[in-house]
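The hints should help you fit chain V onto chain U, whose structure is shown.
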Amino acid sequence: MKKECVAMLLAGGQGSRLHALTSHVAKPAVPFGGKYRIIDFPLSNCVNSGIDTVGVLTQYRPMELNAYLGNGQPWDLDRSDGGVHVLPPYMREGEKGTWYKGTANAIYQNLDFLELYDPEYVLILSGDHIYKMDYSKMLAHHKEVGAACTISVLEVTLEEATRFGIMNVDDHDTIYEFEEKPKHPKSNLASMGIYIFTWKKLKQYLIADEADEKSANDFGKNIIPAMLNAGEKLVAYRFKGYWKDVGTIDSLWDANMDMLSPENGIDLYDPEWPIYARTPTKPPLFTGSSAKVSHSMLTGGCNVNGTVENSVLFHSVTVEEGAKVSYSILMPGTVVKTGAVVEYAIVAENTVIGSNARVGAPPTAENNADWGIAVVAQNLKVGDNAIISPKAMITKNVKGGDVK
Amino acid sequence: MMNKLHGIVFAYRSNPNLRELTQPRNTCSVPYGGRYRVVDFMLSNMVNAGITDVGLIVHTNYQSLLDHVGSGKDWDLSRKHGGLRILPPFSYADKRESLYRGRMDALAGVRSYLANIRQDHVVLAGGDLAVNLPLREIYASHIKSGADITAVCTATPKGAPHSCDYFTVDSKGFASDIAIHPETPSGCESLEVYILSKELLLNLVDYCSAHNISSFSEGVLSRMWGQLKIHVYIHDGYAARLQSVSGYFERSMELLDPAVRSQLFVPERPVKTKDQSNPSTYYGPEAKSTNSLVADGCIIEGEVENSILFRGVKVEKGARVSNCVLMQGTTIQAGAVLKYTITDKNVRVNAGRMLMGHSSYPLAIAKNEIV
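Residue numbers (my numbering), protein chains in the order written: chain U, 8 to 411; chain V, 14 to 384.
Please note that the accuracy of each hint is not assured.
What the hints assert, rightly or not - Some but not every residue of chain U turned toward chain V, in silico, with C-beta under 10 Å:
no., residue
1, SER51
2, PRO287
3, THR288
4, LYS289
5, GLY295
6, LYS299
7, SER301
8, ASN317
9, PRO370
10, TRP378
Stated by the list, open to error - Pair by pair, the computed Cβ-Cβ distance ranges are:
no., chain 1, residue 1, chain 2, residue 2, range
11, U, ASN271, V, GLY348, 18 to 28 Å
12, U, ASN375, V, ASN381, 52 to 62 Å
13, V, GLY63, U, ASN271, 46 to 56 Å
No lab work stands behind these hints, which were simulated from the structure alone. C-beta: ideal position from N, C-alpha, C; glycine also.
Only chain U is shown next, with the shape it has when bound in the complex (with noise of 0.2 Å):
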């Protein structure tokens, strides 16, 4: 039952600022990129690295997360001894259960868990962030330097560290100082949100993190400077490669868009490094006779006549004759009728778009000031001849002729 390594994923996010896509679904059930859903990326990472024991910690929305996982058959964590677990808030005997109050208080929860595996190290990861790691590369850093805690970081611009936990370290990349979302930066190494700790370290300081009343509960608000406060050794990794956190409407869109250009995002046709995904089986796509597909990922089950071009369409897509797709979204069963024009939007699953319906707009230099992203929620209808301006979150249906 050993582990040397059990990883903690983070995926009881609501994803507040994706509202439209996330009212039915946490953040890491999310579709991205055409196959797969957030939270594959770093599951995906977990098996690739040879971690067998991942705990999956939902809150927000479980049931279609639960669903996917299901007994990790997809990403070979079907396991007899480990696999993968999803661990929810429980009550307890004797006192009330409370929800996760924060990152910290999530693992806290689940010390008996862990104790079940009795690893030597833990990596904590989020749900929310597209990128293949090799977290065996890591491990064996945080081994190597004998830190307590080992935090992967990013280069960024000084003008991007801003809105990041930012890491200050000395030559040796030993983290002195931690500073979450610094006026001033000093450093440009932001953390990634992936850390691992030496297991008897974290859970000392989870207990006593725990103690503490006025603690928010959180790793890199309380657990993070404790550590740091007490003189444990505290180590960036610095990552090279391609790292996304699609937080945000525009981020998940820029991060969906990346992937149709490997060279700029991830390359998903990679066998040394595969992403894998829970998928339905469909019939291979059909292009039709009259359809026009250019620099757009289309995906088994679709059905295209129309034209096509800098998209990602998930599985089972219908995009009719003479409808028209650009820099656009299509997440799986999104009906396109005919006439229709789809351009610089998110469309969320099994959404139907009637008959010469306009949703969202290129940006112009007229719309500059309020354009953005247009986003359909999922199971909608949006009349024939509505139209969905820029920036528009659709959450209910729209009439036809109609002008949201």
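Relative to chain U, chain V alone:
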């Protein structure tokens, strides 16, 4: 109720008329329909009807089939009890070394497995038939008919008459005559899918074994004619048999017709296959893709029309592919032109090459070849 039906899939035959396509595999694991192996259809038919126990009878050239079906987990057939069993000729080896001559030979080869079947009824079917059968409904009609055997026939004949059986059906749905491998077809073409009781099956296997009868059609249907009550179920959906290279090509091209696809890919009875975790298919800025069926994981930067592309096919810039079937992992390099060509797995057509077959005689390039 459905747990009373057991599936037997015959996967022992390599049809030599499929030439290059059956060199590395038997007919059941020939890739078909963009992302499937032919055997996926019958396995899915069984699973979709609630069948939990399936025996897959193999004899030779089945390494590719084993790779494909694995433990059966992609069909939910990896079970604690029952599930998928691969059946090489275990009880037959001491009697004869050669290939199975027919289905009764094959069944005799796995006699001890048949004796242990947990269900009362058995469906016998070829693994080389692409069809989406409502087996649940067929089983119910078998029970209702009170017949000894139900034979599934197609309303739209597709096979070559000299290798098919035909039933003449009376007004009550029972067979009144049978023609085995006739010169000219008469009646309904048999899909060689049969439902019968386990008890009858075992009796037939023992009888045929004792009388050195190898074929189900000749030994059972013909010889026992008059003793057995045969009910005919006519399936009006699409059915494809792969009997030759040109036949394979025609059956493939028929899939470009939406009406055919809607009969073969029925949403409530999905065709399951091995999961390979491919990403979506990428179309480049200059790509053209019309009237084509394309599986996931392809990278298309050239032009594709009237074609079927399996998973992970690459069509580089300036390459032109029309009326082709490109199997998994095929790479068509820049500027190459292909017409009426079937490329087997992992074929590479180098830059600028031109390959032209004809609709009546498509070119077939064997697995792993480099042109």
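Here is how each hint holds up against the structure:
1. SER51: With Cβ-Cβ at 9 Å, under 10 Å, it holds.
2. PRO287: holds, 8 Å
3. THR288: Where the cut-off is 10 Å and the nearest Cβ of chain V is about 5 Å from U:THR288, the hint holds.
4. LYS289: Holds - the Cβ of U:LYS289 comes within 10 Å of chain V, reaching about 8 Å at its closest.
5. GLY295: holds, 6 Å
6. LYS299: Result: holds, 8 Å to nearest chain V Cβ.
7. SER301: holds, 5 Å
8. ASN317: holds, 9 Å
9. PRO370: Where the cut-off is 10 Å and the nearest Cβ of chain V is about 21 Å from U:PRO370, the hint is violated.
10. TRP378: violated, 24 Å
11. U:ASN271 with V:GLY348: 18 to 28 Å: Distance hint for U:ASN271, V:GLY348 holds at roughly 26 Å.
12. U:ASN375 with V:ASN381: 52 to 62 Å: holds, 54 Å
13. V:GLY63 with U:ASN271: 46 to 56 Å: holds, 48 Å
Of the hints listed earlier, those the structure fails to meet are numbers 9, 10, in rising order.
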